[in-house]
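Please build the complete structure, drawing on both the sequences and the hints.
There are 2 protein chains.
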Amino acid sequence: MIESAYETYDVAILGAGFEGGLLGTILARQGAKVLLIESGTHPRFAVGESTVRHVFRMLKIIGERYDVPEIIEKFSSADSIHKHVTTMCGEKRNFGFVYHREGQDQNASECTQLVIPPFREGYEAHLYRQDIDSFLTYTAINHGATVHYRTSIADIDIQDDGCTLTSSQGDVFKSRYIVDGSGYRSVLAMKFRLREEPSRCSTFSRSLFTHMLNVTPYDATVTPRGAHGMPQPWYSGTCHHIFDGGWLWVIPFNNREGSTNPLVSVGLQLDPRRWPKPRDVTPEQEFHHFLERFPSMAAQFEKARAVRDWVSTERIQFSSKRTVGDRYCLMAHASGFIDPLFSRGLPNACELINALAVRLLRAFKDDDFSPERFDYIERMQQINLDYNDRLVNCAYISFKSFELWNAFFRVWVLGVGLGDLRLTSAHRRFTATHDESVLPDAEEPMGLFFAHHTGYKKLFEEACDKVEAFEAGTVSAHDAARHIFELMAAADYAAPANHLADPSKRYVDQGETVTVLKTVAWLLTSAPPDIKKMGGGILSDLNPRRLMSRKVTPEPSAI
Amino acid sequence: MIESAYETYDVAILGAGFEGGLLGTILARQGAKVLLIESGTHPRFAVGESTVRHVFRMLKIIGERYDVPEIIEKFSSADSIHKHVTTMCGEKRNFGFVYHREGQDQNASECTQLVIPPFREGYEAHLYRQDIDSFLTYTAINHGATVHYRTSIADIDIQDDGCTLTSSQGDVFKSRYIVDGSGYRSVLAMKFRLREEPSRCSTFSRSLFTHMLNVTPYDATVTPRGAHGMPQPWYSGTCHHIFDGGWLWVIPFNNREGSTNPLVSVGLQLDPRRWPKPRDVTPEQEFHHFLERFPSMAAQFEKARAVRDWVSTERIQFSSKRTVGDRYCLMAHASGFIDPLFSRGLPNACELINALAVRLLRAFKDDDFSPERFDYIERMQQINLDYNDRLVNCAYISFKSFELWNAFFRVWVLGVGLGDLRLTSAHRRFTATHDESVLPDAEEPMGLFFAHHTGYKKLFEEACDKVEAFEAGTVSAHDAARHIFELMAAADYAAPANHLADPSKRYVDQGETVTVLKTVAWLLTSAPPDIKKMGGGILSDLNPRRLMSRKVTPEPSAI
Numbered sequence: 001m002i003e004s005a006y007e008t009y010d011v012a013i014l015g016a017g018f019e020g021g022l023l024g025t026i027l028a029r030q031g032a033k034v035l036l037i038e039s040g041t042h043p044r045f046a047v048g049e050s051t052v053r054h055v056f057r058m059l060k061i062i063g064e065r066y067d068v069p070e071i072i073e074k075f076s077s078a079d080s081i082h083k084h085v086t087t088m089c090g091e092k093r094n095f096g097f098v099y100h101r102e103g104q105d106q107n108a109s110e111c112t113q114l115v116i117p118p119f120r121e122g123y124e125a126h127l128y129r130q131d132i133d134s135f136l137t138y139t140a141i142n143h144g145a146t147v148h149y150r151t152s153i154a155d156i157d158i159q160d161d162g163c164t165l166t167s168s169q170g171d172v173f174k175s176r177y178i179v180d181g182s183g184y185r186s187v188l189a190m191k192f193r194l195r196e197e198p199s200r201c202s203t204f205s206r207s208l209f210t211h212m213l214n215v216t217p218y219d220a221t222v223t224p225r226g227a228h229g230m231p232q233p234w235y236s237g238t239c240h241h242i243f244d245g246g247w248l249w250v251i252p253f254n255n256r257e258g259s260t261n262p263l264v265s266v267g268l269q270l271d272p273r274r275w276p277k278p279r280d281v282t283p284e285q286e287f288h289h290f291l292e293r294f295p296s297m298a299a300q301f302e303k304a305r306a307v308r309d310w311v312s313t314e315r316i317q318f319s320s321k322r323t324v325g326d327r328y329c330l331m332a333h334a335s336g337f338i339d340p341l342f343s344r345g346l347p348n349a350c351e352l353i354n355a356l357a358v359r360l361l362r363a364f365k366d367d368d369f370s371p372e373r374f375d376y377i378e379r380m381q382q383i384n385l386d387y388n389d390r391l392v393n394c395a396y397i398s399f400k401s402f403e404l405w406n407a408f409f410r411v412w413v414l415g416v417g418l419g420d421l422r423l424t425s426a427h428r429r430f431t432a433t434h435d436e437s438v439l440p441d442a443e444e445p446m447g448l449f450f451a452h453h454t455g456y457k458k459l460f461e462e463a464c465d466k467v468e469a470f471e472a473g474t475v476s477a478h479d480a481a482r483h484i485f486e487l488m489a490a491a492d493y494a495a496p497a498n499h500l501a502d503p504s505k506r507y508v509d510q511g512e513t514v515t516v517l518k519t520v521a522w523l524l525t526s527a528p529p530d531i532k533k534m535g536g537g538i539l540s541d542l543n544p545r546r547l548m549s550r551k552v553t554p555e556p557s558a559i
Numbered sequence: 001m002i003e004s005a006y007e008t009y010d011v012a013i014l015g016a017g018f019e020g021g022l023l024g025t026i027l028a029r030q031g032a033k034v035l036l037i038e039s040g041t042h043p044r045f046a047v048g049e050s051t052v053r054h055v056f057r058m059l060k061i062i063g064e065r066y067d068v069p070e071i072i073e074k075f076s077s078a079d080s081i082h083k084h085v086t087t088m089c090g091e092k093r094n095f096g097f098v099y100h101r102e103g104q105d106q107n108a109s110e111c112t113q114l115v116i117p118p119f120r121e122g123y124e125a126h127l128y129r130q131d132i133d134s135f136l137t138y139t140a141i142n143h144g145a146t147v148h149y150r151t152s153i154a155d156i157d158i159q160d161d162g163c164t165l166t167s168s169q170g171d172v173f174k175s176r177y178i179v180d181g182s183g184y185r186s187v188l189a190m191k192f193r194l195r196e197e198p199s200r201c202s203t204f205s206r207s208l209f210t211h212m213l214n215v216t217p218y219d220a221t222v223t224p225r226g227a228h229g230m231p232q233p234w235y236s237g238t239c240h241h242i243f244d245g246g247w248l249w250v251i252p253f254n255n256r257e258g259s260t261n262p263l264v265s266v267g268l269q270l271d272p273r274r275w276p277k278p279r280d281v282t283p284e285q286e287f288h289h290f291l292e293r294f295p296s297m298a299a300q301f302e303k304a305r306a307v308r309d310w311v312s313t314e315r316i317q318f319s320s321k322r323t324v325g326d327r328y329c330l331m332a333h334a335s336g337f338i339d340p341l342f343s344r345g346l347p348n349a350c351e352l353i354n355a356l357a358v359r360l361l362r363a364f365k366d367d368d369f370s371p372e373r374f375d376y377i378e379r380m381q382q383i384n385l386d387y388n389d390r391l392v393n394c395a396y397i398s399f400k401s402f403e404l405w406n407a408f409f410r411v412w413v414l415g416v417g418l419g420d421l422r423l424t425s426a427h428r429r430f431t432a433t434h435d436e437s438v439l440p441d442a443e444e445p446m447g448l449f450f451a452h453h454t455g456y457k458k459l460f461e462e463a464c465d466k467v468e469a470f471e472a473g474t475v476s477a478h479d480a481a482r483h484i485f486e487l488m489a490a491a492d493y494a495a496p497a498n499h500l501a502d503p504s505k506r507y508v509d510q511g512e513t514v515t516v517l518k519t520v521a522w523l524l525t526s527a528p529p530d531i532k533k534m535g536g537g538i539l540s541d542l543n544p545r546r547l548m549s550r551k552v553t554p555e556p557s558a559i
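If you're matching them up, the sequences are chains F and H in order.
Under our numbering, think of the first position of the first sequence as 1, with each following residue one higher.
Under our numbering, think of the first position of the second sequence as 1, with each following residue one higher.
Treat the hints as calculated values from the structure; they're not laboratory data.
Keep in mind it's a predicted model, so treat the numbers as computed, not measured.
Just so you know, even glycine gets a beta-carbon here, dropped at the ideal spot from N, CA and C.
Fair warning: there could be bad hints in the mix.
[What the hints assert, rightly or not] Pairs of lysine-lysine residues, derived as DSS-like cross-links and limited to a Cα-Cα distance of at most 27 angstroms, are as follows:
hint : chain 1 : residue 1 : chain 2 : residue 2
1    : H       : 83        : F       : 303
2    : F       : 33        : H       : 303
3    : H       : 458       : H       : 400
4    : H       : 83        : F       : 74
5    : F       : 83        : H       : 33
6    : H       : 174       : F       : 303
7    : H       : 303       : F       : 174
8    : F       : 303       : H       : 33
9    : H       : 303       : F       : 83
10   : F       : 74        : H       : 303
[As the list claims (entries may be wrong)] Listing some non-contacts, in silico: residues in chain F with all C-beta distances to chain H over 12 angstroms:
hint : residue
11   : 151
12   : 276
13   : 427
14   : 472
15   : 528
Structure representation (structure tokens):
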């Protein structure tokens, strides 16, 4: 084989999905020679639909930092996507959690809700991934990336001077570096035996999911209407039906004004130790058998019909011993995965891509791809996985008791809030100065994005200890919950207006005018100095019109 | 095998694309038990993107006749699709034909254009098929159809009392009737050896196609701008670059206000006798080699990049000996195909589905599926194929000489106009009376929808005779063209304002106020009685605002 016969790319990225498309866009825009290798083709179905504030905030940072106008203009909020990319996405104004007990009607007082503050750039989104993933890939092509579809890499050879990839059809590609964005079936992970067997993850869940038509908004099935007393309809956001041993996601694409998509994403997560996978029924039958046990959940799906095949998985957790090696690294979804709970997939992916792109660009320039230069990526991924695992596993444990979930919910809310505050502050400073040292990847990786606050980090760990002690049988759910509420009461860095220490306040309404104004006033005056510092300029991020109007979500469009 | 173990569907439809989805929607809405069997899944790429007025007119008739609100509200114009289905479609305000000679800059005086009249319901569309086909399938599901994806039928057994379909995975399905909407690779056609080998078609072409980014509007490459003197920019419609031995389609999805799709569909049709398929280059390389021979076409693609794999076919014409048999029929794209020229695929499909659905519903009711009841379908498909073949083949022949194309163009324009007039008139009467006897499928099938006028039928045949005589070398292009212009001059049923007999008037502008008003006045006063009869009520179909404003197509959005 004569090497000069092959063009050598700076980077070969495996997988042209969200991760590959976004990284490919950034690197190609920055002038790198990018090759995307995709085993399938667009359009194609994918899950990973629900964003958190961290996603669009990170995308804005990426857009500015790497000078990608398409990301800034078209892909930085549900609004910009709707206007410029696709009208198939839904809107996410809240995270809702409705607690169910087997064989019983749902008790309207057992639920929690986090209302997302109305920032200037619009609401969070339910991403219709087929359109988003092709948008990102086509944007990468627009900036010069080369894509090979329907190409599966059968072998990879990494030498001191570069990488050779051979497809199952015998095509040969050369690159200086390989990034694997192909997910669980990562070729690199297989080749270099990177997977931990068994996985070190504590979370234990399997998944059934599809897209459905005619899903009734849960709100319409509750009698009397509004009995839950939550600030927003469940249908305005991502609804999580939680129960002992699992949870069910309901992610509407049809809950946004002007949406042309009648579908709703529906996914059931089950701990197979509590809910063993049946071997003699179809996934659809399993879903319906499951609903028979939960009458209030079932009502939402009485008229619902799947428009595509149900997917039923085995256990979905996996982890890797290493995620970085000589001239390669695995991206977030190829490195490990916990569970869709709390929608951690997309923020982790964006955080990783932001940190990876700058390191790759430096490596291309210096022609130095030694793994030490990517050590940050390795540590970040491992720590993110471990924190996420603990968070999600504790949430699953807490699903055994509404009282405990009601407490642990606050732990997550507080972390999300602190993380948002921190990233928003960093973004504001970066926009003003273009100083990369204010960005998260200039600091030591510290796991979940909200674990940088030492007080919160301690609280998180103590709360998890209690939940795990409950699982071990050494403390009751009631006592564990009470302990968590005490931790909340002592957290002077938590905005008082959110009432996190009050068990009777089961929601945090960051979309409500008085609450938001109180929180802003606290941030600017009496918050601890480290928190106060991050609050400067926050008023300019809020959208006063949206804050005051609280427009009701439109009725879901019928197909 | 115990038959009672299987649910028996009224109809099993093979293929959940445009045809299967639309027929499935109608039949399910009318209460039939519909099974759709699809070898792939949604979303998926498809071509067949450009509509003609006949498509939406027929869809309106179908929506009213079969009481399908989704078709009436969401799928009856580019406007309703944009608002309710997807913002990924383009708009088609004209059919443009630009004549090229190998090795030469394009001569601005060698082109023709048919501007589509601005009817009340909006313009024609460039359908982004992945969204349209899933919309139709999901609508069928919404009305109760069952879909099996990723299911290939390996065997079909048709008995006196019903049909048994067995998938390659061994699944068994039972139905009373089978409709094959799976296209060229029709299982039924293979099983019953229905294909004509060789095909009886005269047209001879192969195809290369893809979707591209950054296609420059052809208008922007012409110096000076507007040199062609055509009423509309090429970019406002479907642009056909025509040349000896083939043509190239340019179908923008980004030419409509509010479109979120940056792509343009590009397809090259070549007569392999003139342009043999090379065996040593990729389709993309062939496309670029081709462009090297046509400098003016090449300018449009200087910055263009394919976002998906090029598809390169062998000869695309095929035909069937029979399309209807015991308990089965083939739909339009499984029966035969000529060429995408003149966008005959979708109107043929809609015409067939309108005629087939009513016959199927009657057969379900009477429990009588004898092939005689579907004889209309058989004759219609065969005649449509033959007329379309002659039309397209003569167009390809005429591409050898711009003078001849300039004449033959009029033959097509006149036929399209008469066909529209006839169908619009039938629709108007049907809306008023709901009398099915006014609809096309109540009459004898007479081939291309525009061949019902005896005068025009004779003109069409004489014109084709002349073109074919030119091909045979017995008449010159000049004399053939002159003869066709003479036929036009004698056609008293052709609206004088369209100047079809004047070779110097190279366009028909049915979007221009004075022309339209003259044509309407002629229709209502001095047209021959049979034409006049169809013109009644035509004013109510026009959109006066659009007629007067002639809004310029927006600049194509960049990705």
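Here is what the structure says about each hint:
Between residue 83 of chain H and residue 303 of chain F the alpha-carbon distance is near 25 angstroms, which keeps this suggested pair within the 27 angstroms criterion. About 17 angstroms separates the Cα atoms of residue 33 of chain F and residue 303 of chain H, which keeps this hinted pair within 27 angstroms; it holds. Taking the CA atoms of residue 458 of chain H and residue 400 of chain H, the gap is near 24 angstroms; set against the 27 angstroms cutoff, the hint holds. With a C-alpha separation of about 20 angstroms, the suggested pairing of residue 83 of chain H with residue 74 of chain F holds against the 27 angstroms cut-off.
A C-alpha spacing of about 39 angstroms is found between residue 83 of chain F and residue 33 of chain H, which places the hinted pair above 27 angstroms, so the restraint is violated. Under the criterion of a C-alpha separation no larger than 27 angstroms, the hint pairing residue 174 of chain H with residue 303 of chain F is consistent with the structure, at around 25 angstroms. For the proposed pair residue 303 of chain H and residue 174 of chain F, the alpha carbon gap of about 25 angstroms is at most 27 angstroms, so the pair holds. This hinted pair checks out: residue 303 of chain F and residue 33 of chain H have alpha carbons roughly 17 angstroms apart, not beyond 27 angstroms.
Straight-line distance between C-alpha atoms of residue 303 of chain H and residue 83 of chain F comes to about 25 angstroms, which keeps the hinted pair within the 27 angstroms bound. Under the criterion of a C-alpha separation no larger than 27 angstroms, the hint pairing residue 74 of chain F with residue 303 of chain H is consistent with the structure, at around 22 angstroms. Not every CB of chain H lies more than 12 angstroms from the CB of residue 151 of chain F, the least distance being 10 angstroms, so the non-interface label is violated. Consistency note on residue 276 of chain F: stated as away from chain H, and its beta-carbon is indeed over 12 angstroms from all of that chain's, at 25 angstroms minimum.
Interface exclusion of residue 427 of chain F from chain H stands, the closest Cβ pair being 25 angstroms apart, more than 12 angstroms. The beta carbon of residue 472 of chain F sits about 45 angstroms from the closest Cβ of chain H, which is more than 12 angstroms, so the claim that it is off the interface holds. Chain H leaves residue 528 of chain F outside its interface by the beta-carbon criterion, the shortest separation being 45 angstroms against a cut-off of 12 angstroms.
Of the numbered hints given earlier, the model fails hints 5 and 11; all others are met.
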